[in-house]
Amino acid sequence: MNVPDDLKYAESHEWIRIENGIGTVGITDHAQAELTDIVFVEPPKVGAVFAAKSAAAVVESVKAASDIYTPVSGEVVETNPALESNPALLNTDPFVEGWIFKIKLSDPGELDTLKTPEAYRAQISE
Amino acid sequence: MSNRTSLFDRHVSLGGRIVDFAGWEMPVQYSGILDEHRAVREAAGAFDISHMGEFFVSGEGSTAWLDGLLTNRVAKLAVGEAQYTLMLNERGGVIDDLIVYRLGDEEYLLIVNAAKIDEDAAWLGAHLREGIVFANRSDEFSAIAVQGPIARGVFQTVFGEALPVDRNRVIKAQFEGADTFVVTTGYTGEDGFEAVIPISAATALWDALIAAGAKPCGLGARDTLRLEMCYPLNGSDLSPERTPLEAGLGFFVDLAKDDFIGKSALAAQKSAGLATRLTAIAVTEKSPPIRSHYPVWTHGEAVSETCSGALSPTLGHGIAMAYLPVAIAKIGQEVEIEVRGKRYKASVVKKPFLKRN
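From first to last, the protein sequence lines are chains A and B.
Our numbering numbers the first residue of the first sequence as 1207 and each following residue consecutively.
Our numbering numbers the first residue of the second sequence as 2 and each following residue consecutively.
Keep in mind that the hints were calculated from the coordinates and are not lab data.
Backbone N, C-alpha and C fix where the C-beta goes; we use that ideal spot for every residue, glycine too.
Okay, derived cross-link-like pairs now, DSSO-like style, lysine-lysine, Cα gap no bigger than 27 Å in a straight line:
#, chain 1, residue 1, chain 2, residue 2
1, B, Lys-343, A, Lys-1308
2, B, Lys-331, B, Lys-271
3, B, Lys-351, B, Lys-331
4, B, Lys-331, B, Lys-356
5, B, Lys-346, B, Lys-331
6, B, Lys-346, A, Lys-1251
7, B, Lys-356, B, Lys-287
8, A, Lys-1321, A, Lys-1310
9, B, Lys-287, A, Lys-1251
10, B, Lys-343, A, Lys-1259
11, B, Lys-287, A, Lys-1308
12, A, Lys-1321, A, Lys-1308
13, B, Lys-343, B, Lys-287
14, B, Lys-271, B, Lys-352
15, B, Lys-343, A, Lys-1251
16, A, Lys-1321, A, Lys-1259
17, A, Lys-1308, A, Lys-1251
18, A, Lys-1259, A, Lys-1310
Residues from chain A shown here face chain B by an in silico Cβ test under 7 Å; the list is partial:
#, residue
19, Thr-1242
20, Asp-1243
21, Val-1245
22, Glu-1266
23, Lys-1269
Put together the whole structure using the sequences plus the hints.
The structure is reproduced here in structure tokens:
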């Protein structure tokens, strides 16, 4: 399983990439492999405010709907328009083209509570 | 309680994702539901259906006995033919839907749903008549369904003979010396067969079918395939509280028969008129996959809920079945299906969703 070194991870299998106080969030390669064929993504609304670890999006495979949790608190500033026509980007390119939303961090200190790539690798290899 | 079929090791070694289904550890998918669904529509897929039950009925009077317990007319089957039928309670509600195969003049095979094996056997046992031999032999048999446009070729390769041309047939065939019932029934809408084989020979048969070109398929694809055809799933679309008339299965109910359990309730329901009917609903805008228990709205009111639903892999839009009041259970009726608080436009369509030539 691919676990890029430049990202932080949540125990619930989301990743976050930080650039200028904005976090880009998606699901990990491990998560997409577990969920299998992703056929629908319901992103959060731009402007919505979430507390860390709350359900912000829904990802649906043929078989089941799964909540996606924001790893950090903040306001959603952008969602990935490409997922509307091609939700399978979460399967084919989960860390780049398959990002789900961008969130403006209200408490950057929360990043310290997330997992490092090493810790996340250990979690999924259990 | 957790049962494993004789093919469990194969499911694991082929990368099957194992889930609990009616107390059985079954593969929900191997390569992916969409891929498997497509394989069945375009080539051939193999499904382990060993969890289903095999009952045998024989003895003088078997035909009449079954005709008193099942909705369809068993007596009209010739030896070697099969029919879809239902077993009802006294209120006309569905205990189970099953297929009856006439093996001999007074000899039958019944294939029943996994979740209902014990209940069906108890029901039949409680109504047993002198001279009828009823045997639940579900523990002795495995079963594999091979479905798809090339399933016929797979059969020829593996069994060295031609599959019967017609649907709803049963023959006895040999696979590596094992006596096998081969039936031309299925749950996908495709051509194909199901092989009921002694457990000891099942793994070798599975391997041979896969080698001959059938792709391993799990319960996930089985569900999307059957729903595109509007084949009901007992426990979701059928229940003891719903009659086959409400479920739109009147074709499989012969009210002209002398009697069968549930007949008087159905006759009364028919003369009084149905209150609800199981309808096919197609979502007409982009939507999340539809699942069971989603509210169905019309004229600003939630009037029902879906009993089955999916994102049709073949059609690319949401599909569902729901019991609707007869006044709105009409082709073209506009409804809405609610998903997570948002309503999506849909309309009642003619069954099945997938139109075949």
